[in-house]
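Engineer: These protein sequence lines are chains C and Y, in that order. Residue 22 in full-length UniProt numbering sits at position 22 of the first sequence, with consecutive numbering throughout. Residue 59 in full-length UniProt numbering sits at position 59 of the second sequence, with consecutive numbering throughout.
Note that these hints are calculated values from the structure, not bench results. Owing to the predicted nature of the structure, the values given are computational and were not obtained by experimental measurement. Just so you know, not all the hints are guaranteed correct.
Said to hold, decoys possible - Some chain C residues near chain Y, calculated using beta-carbon distances under 10 Å: (1) S42; (2) E44; (3) T47; (4) G51; (5) S69; (6) E73; (7) M75; (8) N80; (9) E81; (10) R83; (11) V85; (12) S87; (13) W88; (14) R91.
Claimed, not checked - So these bits of chain C aren't anywhere near chain Y, every CB distance computed over 12 Å: (15) N19; (16) V101; (17) F147; (18) M178; (19) G265; (20) Q295; (21) L321.
Positions of the beta carbon are idealized from the N, C-alpha and C atoms, including for glycine.
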Amino acid sequence: MVIRSLEEEYVKLLRDYLNGPGEDQLYVAQQMGKWLLARNISPEELTDMHGRALEKLGDVPEFVRASFSILTEVMIEYGNEHRSVHSWRSRHQQLEAEMAVAQAMQQTLLPGEIPAYPGLEIGLVSIAAKQMSGDYYDFICQDEERFCLSVADITGKGISAAMCMSMLKYAIDSLREMPLGPDEMLHHLNRIVGRNIDPSMFVTMLYGAYDTRLHSFRYAVAGHEPGFLYRASEKKFADLEGQGSALGLCPSSEYEVREVRLEPGDVLILLTDGVTECKKNRYYLQRDELILHMQAEVGVHAQKMANALYNRLLTLSQFELLDDYTMIVLRRT
Amino acid sequence: MWQSCSPETIKIKQETDIVTARQVGRNMSRQLGFGTIMQSRIATSISELARNIYLYAGSGTITIEPIEKNGVIGLQMTAIDAGPGIPDIRKALEDGYSTSGALGAGLPGVRRMMDEFEIHSSREEGTRVVVVKWNSPLEEGRDKW
Numbered sequence: 001m002v003i004r005s006l007e008e009e010y011v012k013l014l015r016d017y018l019n020g021p022g023e024d025q026l027y028v029a030q031q032m033g034k035w036l037l038a039r040n041i042s043p044e045e046l047t048d049m050h051g052r053a054l055e056k057l058g059d060v061p062e063f064v065r066a067s068f069s070i071l072t073e074v075m076i077e078y079g080n081e082h083r084s085v086h087s088w089r090s091r092h093q094q095l096e097a098e099m100a101v102a103q104a105m106q107q108t109l110l111p112g113e114i115p116a117y118p119g120l121e122i123g124l125v126s127i128a129a130k131q132m133s134g135d136y137y138d139f140i141c142q143d144e145e146r147f148c149l150s151v152a153d154i155t156g157k158g159i160s161a162a163m164c165m166s167m168l169k170y171a172i173d174s175l176r177e178m179p180l181g182p183d184e185m186l187h188h189l190n191r192i193v194g195r196n197i198d199p200s201m202f203v204t205m206l207y208g209a210y211d212t213r214l215h216s217f218r219y220a221v222a223g224h225e226p227g228f229l230y231r232a233s234e235k236k237f238a239d240l241e242g243q244g245s246a247l248g249l250c251p252s253s254e255y256e257v258r259e260v261r262l263e264p265g266d267v268l269i270l271l272t273d274g275v276t277e278c279k280k281n282r283y284y285l286q287r288d289e290l291i292l293h294m295q296a297e298v299g300v301h302a303q304k305m306a307n308a309l310y311n312r313l314l315t316l317s318q319f320e321l322l323d324d325y326t327m328i329v330l331r332r333t
Numbered sequence: 001m002w003q004s005c006s007p008e009t010i011k012i013k014q015e016t017d018i019v020t021a022r023q024v025g026r027n028m029s030r031q032l033g034f035g036t037i038m039q040s041r042i043a044t045s046i047s048e049l050a051r052n053i054y055l056y057a058g059s060g061t062i063t064i065e066p067i068e069k070n071g072v073i074g075l076q077m078t079a080i081d082a083g084p085g086i087p088d089i090r091k092a093l094e095d096g097y098s099t100s101g102a103l104g105a106g107l108p109g110v111r112r113m114m115d116e117f118e119i120h121s122s123r124e125e126g127t128r129v130v131v132v133k134w135n136s137p138l139e140e141g142r143d144k145w
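Next comes chain Y alone, as it looks inside the complex (with noise of 0.2 Å):
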């Protein structure tokens, strides 16, 4: 099923970019099976990532594609640009940061939504930011009450 779906490229200039990124991550989440919860994760997280870029680089692009491992259907996304680059990374993923109006705003509510988290950030190179969510069952036992 995962390869039916192919990678995107989506490039952030404008706010309407960010809308298109969050639609093909939605659709390509739910070709993959993620359930509707998931979905909107998926979309908000890359709602950020792609409004970071938006925000403090001016432009740049969000790559969204599917992958597996072991048998595990997942959906990473890659945000690159080129801007100025994130001074304090340590800084940008602690809570409250965001709300300042900072570079890095929405990191660390990304963090926590995905599975796996990756940032590269440098004056000369701008920022890289890897996410990926595994569509995993539930853990077993957490809905008894």
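Just chain C, same shape as in the assembly (with noise of 0.2 Å):
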């Protein structure tokens, strides 16, 4: 293969094509250009070897000669913009690195496992929105009967949301081995919170100790999405009743305490509001319609009947997910 240089291949591809106009030579063309980007050739010097090649092809009246002075010019601010893409490039790519160290940081506040406890299962399943998820949810093992489940959602997304996370994990762990009742826990938490995050954010939590021998669920409220409760004997699904405002909110925040006990068969659902903000079309879900799902798919395994969920609301909102998006099942057996 002849090397000749890109001047000479110019001035040729240039010259066949003002003898005789083909799409051929365009093609080339098109070519031609993604070779002078990879290489770097910028705008400004393209137009100069533009202009280099006319003078090869004939005589240039002065005008059209003088006129590249001005396409020159111009051409050096789309120059300066073609050199500025390599530093997005990089900068880009080293924001995608910190990015997933912080997910991977992030990862390490959730829990690794599930735990196991006879007489119950327990299914879960927790998906980011964007790359750093502002739902919260953990489980703390108190002995071989009991264990105390906090889910929480912190208002906005991403990083704000993700750093938010990692005080109310250090929060509840340094509290959790203190005898607190689920309503004393919202009630610390709320303080440490307020005191710790921007005004404009806010928690919203619920936090329960199950009790495997009693099959009890004592539980407190803090403005958080209500959960479910599947009665089997009746086949039918409640709210969770409770409330209690937000964490970080107001400093004198009082919660109160509710008991479930579950009967074979029965099924609470614990969830963020990224659950119920699933979009249909252009319309949120509405909770009833929610009920309908969960009921064509009560009667399986905990785990098994949160996956399910999930794909049936992923696939009603045409795989988009707009909220970080949190369910646990607890089915006691």
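Dock chain one against chain two, each of which comes alone in its own frame, and use the hints as you go.
Structural biologist: And the structure:
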């Protein structure tokens, strides 16, 4: 293969085209464009080369020659933009790498595995809408029969929510040794959260303690999306009651303890609002509609039910997750 | 050849001074044997430096002078003003910063077009930018296709 200089090649291409314009030469020109870009030939260099190529093809009128000065000058600005792409690209890569580290760190805040207790199945699906999640959940084993669990949703998504999550995690960790009821736990967390996060942010949470001897679930709620309780004997879902203001809003908020007992086959579903905010076409999913979906999937292992519901809702929202999604399913066997 | 060009300092006070500075830079770079593209890039760089003086400092100077190092000829441009200084130079050299209309417009572009770039800026002493473009032959093999 004869290696010709780019400029000779360009002159030849131009001459061929002017002698008889054809799509084939335009195709070569397009390919040449890729080649030039790959070698960082700037727009102004190409403009200049075009001017020189014209000179080789014949007498160039003075006004055409002079016009190249204007074109070159304008092209320099395009060239600057072209040159800056490289720095944008490397900055982007750097941010991506930092994000990956942050993401890995956030994963360490969430429990690595789900605890196992006799007579109770636990299912979990938690998916972040973006790279970082604002949903928090945790299981704290107290002894062989009891554990505490929390589900929380931090306002906002992304990095700010993730940073708030680490604070929440350490606050819960430092309080877990104390014999606190769910209401007291929320009371303490409310003060900690209020003192440590931006006033524009808040956290909704459900905190509960499950006793597998009695199959009782004692919990308190801080402005959190109500969960569901399925009674196998009635084959019906009902809202898991409870109220209280979200954490970080008001220092004097009080929380109350509620208790439910699970009979064999009963199911408790705890979730974040990403579950109910699944969009169906242009409408948000209503809770009674969600119940219909749950009704269709109840009666199987808790994890299987959580997976099936996630798949259903994801399909409904056309595979677009608008908010972080977390669902915990507890099923008494 | 380069000794025949003597340094020139242009006072920048109004927009027409920017044009004068460009013209001086273009002429001098032509005399030094820079190619047409380089002449335009030098004129553009001078333009950006002078515009920053005009827009943000009000007045200052641009000095354009031929230099020589190890047998290579270059053109050095020094922009000096006693303006308010650039509060965050790192930011001013970041791409995209200039489009916000903030201080330091066009500096990333200038830095990329030139071979050497030096900047000092403080609230007390204003801003001093020195850039150099060497007239070195094009890298070999770049234009083989």
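Engineer: State for each hint whether it applies.
Structural biologist: Each hint tested on the structure:
no., hint, in the structure
1, S42, "holds, 8 Å"
2, E44, "holds, 5 Å"
3, T47, "holds, 8 Å"
4, G51, "holds, 8 Å"
5, S69, "holds, 8 Å"
6, E73, "holds, 6 Å"
7, M75, "holds, 9 Å"
8, N80, "holds, 4 Å"
9, E81, "holds, 8 Å"
10, R83, "holds, 5 Å"
11, V85, "holds, 9 Å"
12, S87, "holds, 5 Å"
13, W88, "holds, 6 Å"
14, R91, "holds, 8 Å"
15, N19, "holds, 21 Å"
16, V101, "holds, 22 Å"
17, F147, "holds, 50 Å"
18, M178, "holds, 47 Å"
19, G265, "holds, 59 Å"
20, Q295, "holds, 52 Å"
21, L321, "holds, 30 Å"
Checked against the numbered hints above, the structure violates none of them.
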